[in-house]
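J.: Work out the full structure, taking the sequences as your base and the hints as a guide.
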Amino acid sequence: MKNLILTTAALALTSPMAFAESHSVVRMGTEGAYAPWNFINDAGEVDGFERELGDELCARAELTCEWVTNDWDSIIPNLVSGNYDTIIAGMSITPERDEIIDFTQEYTPADPTAFVAMTEDLDPANSVIAAQTGTIQAGYIADQGWTLVEFATPEETIAAVRAGEADAVFADQSYLVGAIEGQDDLIMLEQTVALGGGVGMGLRESDTELRETFDAAIQSMKDDGSLNELISKWEVASLFE
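If you use this note's numbering, the sequence shown corresponds to residues 844 to 1084, in order.
Keep in mind the hints are simulated off the structure, nothing from the lab. One thing to keep in mind: the hints can contain errors.
[Unchecked claim] Calculated cross-link-like contacts (lysine to aspartate or glutamate; reagent style EDC-like; alpha-carbon spacing at most 20 Å): (1) K1065 to E1048; (2) K1076 to D898; (3) K1076 to D1066; (4) K1076 to D890; (5) K1076 to D966; (6) K1076 to E899; (7) K1065 to E888; (8) K1065 to E949; (9) K1065 to E899; (10) K1065 to E1078; (11) K1065 to E1055; (12) K1065 to E895; (13) K1076 to D964; (14) K1065 to E905; (15) K1076 to E1024.
These figures come from a predicted structure and were not determined experimentally.
T.: Written out as structure tokens, the structure is:
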């Protein structure tokens, strides 16, 4: 996907009309590079927790899902400009994002954010920290006044540590666990940070009906316990109480 370099104001002017009631196909936008939340499998298809969740939500809402992948750094602009109808990509709900797009209720609680480094005695405050561009993790490091280097993809953040360009990666713990599995050179630090207000689906602010539809489907999965079962299966976050 080409990056769309647009201001928030310009995006608002070019936003498409609200989701039509008679339209039954929903284009689900995801990154496809953040296992176990979302990734591309060997068959070249979107897979992971959010693929399974999204398909179930669409089934309950009697909608047809079409999956679209998009680079993380332009995932919100491309939603607003109409290239897909939702974001379902491990996106934490934050006040800053909520000023541009709308969110459903959370479909997972906030996942702890952790550090991965090549040595366990590393002090993040006095180190170079790699984070993915446009994430709450990058924002946190910047707000602390620590040294931050940003990369377009999560894979690049880990590669930067191995190449000596950064001392540690700061990312969702669930992603880091899988990313370093079987790799003895990388160590998960004990320090974790709670960020964001849970993970939800992003939608255009004009698509009120679609948001309400997915809200109801998410709530039905919470009520019958199937959402907790899916969270446990993919080990993406803590469970809803």
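J.: Now, for every hint given, state plainly whether the structure supports it.
T.: So, going through the hints one by one against the coordinates:
1. A threshold of 20 Å between alpha carbons decides the hint, and for K1065 with E1048 the separation of about 24 Å lies outside it, so the pair is violated.
2. A distance of roughly 16 Å separates the Cα atoms of K1076 and D898; the hinted pair therefore holds under the 20 Å criterion.
3. A C-alpha spacing of about 18 Å is found between K1076 and D1066, which places the hinted pair at or below 20 Å, so the restraint holds.
4. Restraint check: the Cα-Cα separation between K1076 and D890 comes to about 13 Å, which is no more than 20 Å; the hinted pair holds.
5. Of the supplied pair hints, the one linking K1076 and D966 is violated, its CA atoms being roughly 33 Å apart against a limit of 20 Å.
6. Using a Cα cut-off of 20 Å, the hinted pair K1076 and E899 holds, with the two alpha carbons roughly 14 Å apart.
7. With a C-alpha separation of about 27 Å, the suggested pairing of K1065 with E888 is violated against the 20 Å cut-off.
8. Annotation: proposed proximity of K1065 to E949 holds, straight-line Cα distance about 10 Å (limit 20 Å).
9. Proposed proximity of K1065 and E899 is supported: the alpha carbons are some 12 Å apart, at most 20 Å.
10. Restraint check for K1065 and E1078: the C-alpha separation of about 16 Å stays at or below 20 Å, so the hint holds.
11. About 15 Å separates the Cα atoms of K1065 and E1055, which keeps this hinted pair within 20 Å; it holds.
12. Proposed proximity of K1065 and E895 is supported: the alpha carbons are some 15 Å apart, at most 20 Å.
13. For the hint pairing K1076 with D964, the CA-to-CA distance comes to about 32 Å; that exceeds 20 Å, so the pair is violated.
14. Between K1065 and E905 the alpha-carbon distance is near 18 Å, which keeps this suggested pair within the 20 Å criterion.
15. Distance restraint check for K1076 and E1024: the Cα-Cα separation of roughly 17 Å lies within the 20 Å cut-off, and the hinted pair is therefore satisfied.
Going through the hint list in order, the structure does not satisfy hints 1, 5, 7 and 13.
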